[in-house]
Amino acid sequence: MIPLLILGLLIQNPGAHGYELLSLMEKRHYQYIVNFTKGSFYYNLQQLEEKGWIEQIQHIRPNNGRDIHTFKITSLGLEEFDKLMTKYGTKSEYVKLPIYGTLLFADVFDNNKLLECIQSQIEQTEARIALLDEYLSNHKELPGKIDYFRRMNENSRSHHLVNLKWFQEIKSDIEKATV
352 MIPLLILGLL
362 IQNPGAHGYE
372 LLSLMEKRHY
382 QYIVNFTKGS
392 FYYNLQQLEE
402 KGWIEQIQHI
412 RPNNGRDIHT
422 FKITSLGLEE
432 FDKLMTKYGT
442 KSEYVKLPIY
452 GTLLFADVFD
462 NNKLLECIQS
472 QIEQTEARIA
482 LLDEYLSNHK
492 ELPGKIDYFR
502 RMNENSRSHH
512 LVNLKWFQEI
522 KSDIEKATV
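Residue numbers in the sequence shown follow the numbering used here, run continuously in steps of one, and reach 530 at the last position.
Hints in this document: simulated from the structure, not taken from any laboratory. From a predicted model like this one, the values you see are computed outputs, not experimental measurements. Careful, some of the hints might be misleading.
Pairwise CB distance ranges (calculated) [to be verified]: (1) L375 <-> Q409: 16 to 24 Å; (2) L375 <-> L455: 33 to 41 Å; (3) Y393 <-> I525: 19 to 27 Å; (4) I408 <-> D524: 53 to 61 Å; (5) S374 <-> V530: 24 to 32 Å; (6) S488 <-> V513: 15 to 23 Å; (7) K516 <-> E444: 16 to 24 Å; (8) Q397 <-> D524: 44 to 52 Å; (9) E492 <-> V459: 28 to 36 Å; (10) E371 <-> Q398: 35 to 43 Å; (11) G366 <-> E444: 32 to 40 Å; (12) K447 <-> E477: 14 to 22 Å.
The list that follows gives simulated cross-link-like pairs (lysine-lysine, BS3-like), each with its CA atoms no further than 27 Å apart [what the hints assert, rightly or not]: (13) K516 <-> K464; (14) K527 <-> K464; (15) K442 <-> K527; (16) K434 <-> K389; (17) K447 <-> K516; (18) K423 <-> K434; (19) K389 <-> K378; (20) K434 <-> K496; (21) K378 <-> K464; (22) K402 <-> K442; (23) K522 <-> K423; (24) K464 <-> K447.
Here a beta-carbon is modelled for each residue, glycine too, at the ideal position from N, C-alpha and C.
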């Protein structure tokens with residue numbers, strides 16, 4: 352998935368350098384789409400270049416001494432982008448949350464510790480909803496133009512609201528069982 356994100360960002364931002372692309376991924380909250388680190392991002396960027404899907408168009412060494420490489424997508428990269436768009440656009444998976452593993456064995460786990468886990472899930476989910484609310488309040492869809500990123504974030508918000516309600520119900524059930 353990281354190659355798709357990098358290729359797509361280079362189509363939208365030809366001539367960007369690696370740090371710009373990574374900053375865009377962080378600013379746009381792409382971590383909700385795929386887990387990535389700075390290291391995995393730069394590894395994928397290097398792999399894309401080695402495969403000929405992107406190429407350096409400029410190498411700059413500013414006064415601070417750090418090398419800056421700007422990139423553009425190649426014709427091979429555009430072909431790969433199309434393949435990846437189809438691959439991920441037609442793929443569907445189950446929703447998987449790490450808490451599911453914990454809940455499998457909740458009956459043999461200390462209820463107070465389980466409550467702490469659920470409370471942590473509630474707080475994290477509320478924080479994600481707040482981030483999405485902030486984004487959505489600052490980015491309005493323009494008339495006559497479909498903003499897929501906004502709609503994706505609206506969908507993500509809906510999922511988080513469902514999860515929040517579910518976590519709150521579980522918490523309530525645990526508290527009742529503990530009394």
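Consistency of the hints with the structure:
Evaluation of the 16 to 24 Å hint for L375 and Q409 yields a pass: the beta carbon distance comes to about 18 Å. Checked against the hint of 33 to 41 Å, the pair L375 and L455 passes, with Cβ atoms roughly 37 Å apart. Restraint check, Y393 to I525: a C-beta distance of roughly 43 Å breaks the suggested window 19 to 27 Å. For the hinted restraint 53 to 61 Å between I408 and D524, the CB-CB distance of approximately 58 Å keeps it satisfied.
About 49 Å separates the C-beta atoms of S374 and V530, a value inconsistent with the hinted range of 24 to 32 Å. In this structure the supplied range 15 to 23 Å holds for S488 paired with V513, their Cβ-Cβ distance being about 21 Å. In this structure, K516 and E444 meet the distance hint of 16 to 24 Å, their C-beta atoms being roughly 22 Å apart. Between Q397 and D524 the beta carbon distance is about 49 Å. The supplied range of 44 to 52 Å therefore holds.
Our hint of 28 to 36 Å for E492 and V459 is violated, since their Cβ atoms are close to 48 Å apart. Against the hinted window of 35 to 43 Å, the Cβ-Cβ separation of E371 and Q398 comes to about 19 Å, which falls outside the hint. At roughly 34 Å, the beta carbons of G366 and E444 sit within the given window of 32 to 40 Å. The hinted range of 14 to 22 Å is satisfied by K447 and E477, whose Cβ atoms lie roughly 21 Å apart.
Between K516 and K464 the alpha-carbon distance is near 20 Å, which keeps this suggested pair within the 27 Å criterion. A hinted pair counts as satisfied when its Cα atoms are at most 27 Å apart, and K527 with K464 qualifies at roughly 15 Å. A threshold of 27 Å between alpha carbons decides the hint, and for K442 with K527 the separation of about 40 Å lies outside it, so the pair is violated. Straight-line distance between C-alpha atoms of K434 and K389 comes to about 25 Å, which keeps the hinted pair within the 27 Å bound.
Of the supplied pair hints, the one linking K447 and K516 holds, its CA atoms being roughly 17 Å apart against a limit of 27 Å. Between K423 and K434 the CA atoms are separated by roughly 18 Å; this keeps the pair inside 27 Å, and the hint holds. Proposed proximity of K389 and K378 is supported: the alpha carbons are some 14 Å apart, at most 27 Å. Distance hint between K434 and K496 is fulfilled; the C-alpha atoms sit about 25 Å from each other, no more than 27 Å.
At most 27 Å may separate the alpha-carbon atoms for a hinted pair to count; K378 and K464 exceed this at roughly 34 Å. Taken as a hint, the K402 and K442 pair is honoured in the structure, with Cα atoms around 24 Å apart against an allowance of 27 Å. Straight-line distance between C-alpha atoms of K522 and K423 comes to about 50 Å, which puts the hinted pair past the 27 Å bound. A hinted pair counts as satisfied when its Cα atoms are at most 27 Å apart, and K464 with K447 qualifies at roughly 22 Å.
Going down the numbered hints, you'll see the structure goes against 3, 5, 9, 10, 15, 21, 23, while the others check out.
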